[in-house]
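*Asks:* In case you want the letters, here they are:
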Amino acid sequence: MKRVLPGFGLSMGVTLTYLGVIVLLPLVALVLRGAEIGPERFWAILTAPRTLAALQLTLVAGAMATVVNAAYGLLMAWVLVRYDFPGKRVLDALMDIPFALPTAVAGLALSALFSANGWFGALLEPMGIQVVFTIWGVAIAMSFTSIPFVVRTVQPVLEDLDTQYEQAAITLGAHPFTIFRKVIWPVILPSFLVGITLSFARSLGEFGAVVFIAGNLPMKTEIASLLAVIRLEEYDYNGAAAIAMVLLVIALLLLVVSNLLQARALRYKAKP
Amino acid sequence: MAMQVTSMMKRFGETEVLRGIDLNVRDGELVALLGPSGSGKTTLLKIIAGLDWPDAGSLSVDGEDWLRVRAQDRRTGFVFQHYALFPHMKVRDNIAFGLNVMPKDRRPPADRIAAKVDELLQFLQIAHLGGRYPAELSGGQRQRVALGRALAIGPKVLLLDEPFGALDAAIRRDLRRWLRDVHDKTGTTTIFVTHDQEEAFELADRVVVMGAGRIEQVGTADEIFDHPASPFVARFLGATVELPVILRAGRAEAPGLDASLLERRALPDGFATLFLRPAEIDLERDDASPFRIRQITSTGALRRVMLDGTGIVLEAELPRQRGADPLKVGDHVRLRPDAGRIFPGAARKAPPAPIPLKKETHR
Chain A
2 MKRVLPGFGL SMGVTLTYLG VIVLLPLVAL VLRGAEIGPE RFWAILTAPR TLAALQLTLV
62 AGAMATVVNA AYGLLMAWVL VRYDFPGKRV LDALMDIPFA LPTAVAGLAL SALFSANGWF
122 GALLEPMGIQ VVFTIWGVAI AMSFTSIPFV VRTVQPVLED LDTQYEQAAI TLGAHPFTIF
182 RKVIWPVILP SFLVGITLSF ARSLGEFGAV VFIAGNLPMK TEIASLLAVI RLEEYDYNGA
242 AAIAMVLLVI ALLLLVVSNL LQARALRYKA KP
Chain B
66 MAMQVTSMMK RFGETEVLRG IDLNVRDGEL VALLGPSGSG KTTLLKIIAG LDWPDAGSLS
126 VDGEDWLRVR AQDRRTGFVF QHYALFPHMK VRDNIAFGLN VMPKDRRPPA DRIAAKVDEL
186 LQFLQIAHLG GRYPAELSGG QRQRVALGRA LAIGPKVLLL DEPFGALDAA IRRDLRRWLR
246 DVHDKTGTTT IFVTHDQEEA FELADRVVVM GAGRIEQVGT ADEIFDHPAS PFVARFLGAT
306 VELPVILRAG RAEAPGLDAS LLERRALPDG FATLFLRPAE IDLERDDASP FRIRQITSTG
366 ALRRVMLDGT GIVLEAELPR QRGADPLKVG DHVRLRPDAG RIFPGAARKA PPAPIPLKKE
426 THR
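Keeping their order, the protein sequence lines are chains A and B. Using my numbering, you'd call the opening residue of the first sequence number 2 and step up by one each time. Using my numbering, you'd call the opening residue of the second sequence number 66 and step up by one each time.
Worth double-checking, as some hints may not be accurate.
[As the list claims (entries may be wrong)] Below are the SDA-like pairs computed for lysine to any residue, each with C-alpha atoms no more than 25 Å apart in a straight line: (1) Lys270/A with Leu124/A; (2) Lys221/B with Gln168/A; (3) Lys270/A with Arg157/B.
None of these hints come from the bench; they were simulated from the model.
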């Protein structure tokens, strides 16, 4: 086939090389590093109580943040697409703040809000709810930095979803809940899955925002990536690499699962 | 199903989309709403379906006030211009949708639904497509599925919005015949919207011509084509030549016009406008006529002749063969229409200036 634009070979070469150097090479180095450790030592590092506690906290808090983001993000996307109200564009722009804001700034702001003399903390502490230095704080920080993923993946699909589908369903006798369940949901599900997967993956890797609010108590509020940093500072390269390997494997698994689910949900699209 | 629409009005903001629509549709009738875009025809269709609400007026179906019935309970089969087939459902599930979402106490059992879908697939000649997704179908096939989905609920009335608008010409003609067939077999009262006069005339029992939110004329194809009720209808149906004339004793007079083939009309003397279709105009060489040939182009079967004179530009279409002495650019000719429509009052395009009765000196 004759291509309209020239330079396929060049542009493809540049992008592949860049991808290799910036993304793949460090990953390979990490895996090689991990492989040097040897299975027994690797296992010992992973099953150390402090590592397990950190991984567990990261996964549980990440899951909590993702559940909240899934519900809130879907609602937010719906509101931004389906309703017109004053300030809609401002709200739309605000949704990108977590992406643009340095995570450390977010962490500082959140810990100031939730500390005992902050606006929220002053309300919550008397009720016996402590956020700072607990898993709740970790989850809130994770949620803050990863919410745009759900909104920004669902929003364009909702925008493309012509209201004619709903109108057709109405004339065929379907009521609102049925229309959402049978007509709207199946169409936005694939992108919704991508959104929550990305949100979860980002939550697992969140560092800057979390360390300010978590208190970082070993065995309690210490997240996995922080533990990797600590090991590195202790010149324990093997310990750091082992933890990083686990995070890498989880992230890759998430991507695979997300793509499989997506392919299944999108099986109705025409094959070329 | 018999339907009555009475003094229906609808505005979107400042725009009046419907300005008092009165329309009766008889049981089993196939009616076309014909009009240019912006004439309000799709809005009327959506109001009938319950997808839109009028600001005033009434809509009664078999004596029931439909403005008080929710869209879900009206049982209208609506076919959208772009079909709006549910992309994630196979053809079978699309057609079964209206049955599957019925409340449990009225929903037929699954095997009855399957049988009904089979029957429709058969009837619409798409039995082999049941297992496909809409994205895997051609435009014409999607159209059939959309109609099947609408028919599955046993609609009281079938509403089609520009049903063939998104298809190419050959498939259009086939589907037109097929739709007429479907209508005759099911006997479902059907209303469809179109901007294509040929489509409306060929398919419908009765054509409703709409313009700017009003019904301009209701009638059969011949009635509307031969006797347009208003200048709007005449223009819309291709009478693009508007000639300012003076009526004397029911006969149109204008310099360069030979109206001897036109019937006398029972209209008062005075200024009027003669509406002509380019194909109705024959030309005869006449050096005393103000009309001069500016340009001749061939469309293959026809020759299109552009004329000017008396301050207007007009177009005539002639058969290609013109004997030994063909007309040439620069010739003066006289118009000899074999049909035409006269409306009192001045033409829209030309100012109501006195018509020069003497030969115009041409530049």
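*Asks:* For the pair we were handed, Lys270/A and Leu124/A, check the Cα-Cα distance against 25 Å.
*Replies:* Status violated; Cα separation ~51 Å.
*Asks:* Is Lys270/A close enough to Arg157/B, meaning Cα to Cα at most 25 Å?
*Replies:* Holds, at roughly 16 Å.
*Asks:* Holds or violated: Lys221/B and Gln168/A, Cα atoms, limit 25 Å.
*Replies:* Status holds; Cα separation ~17 Å.
In this structure, only the earlier hint numbered 1 is contradicted, and the remaining ones agree with it.
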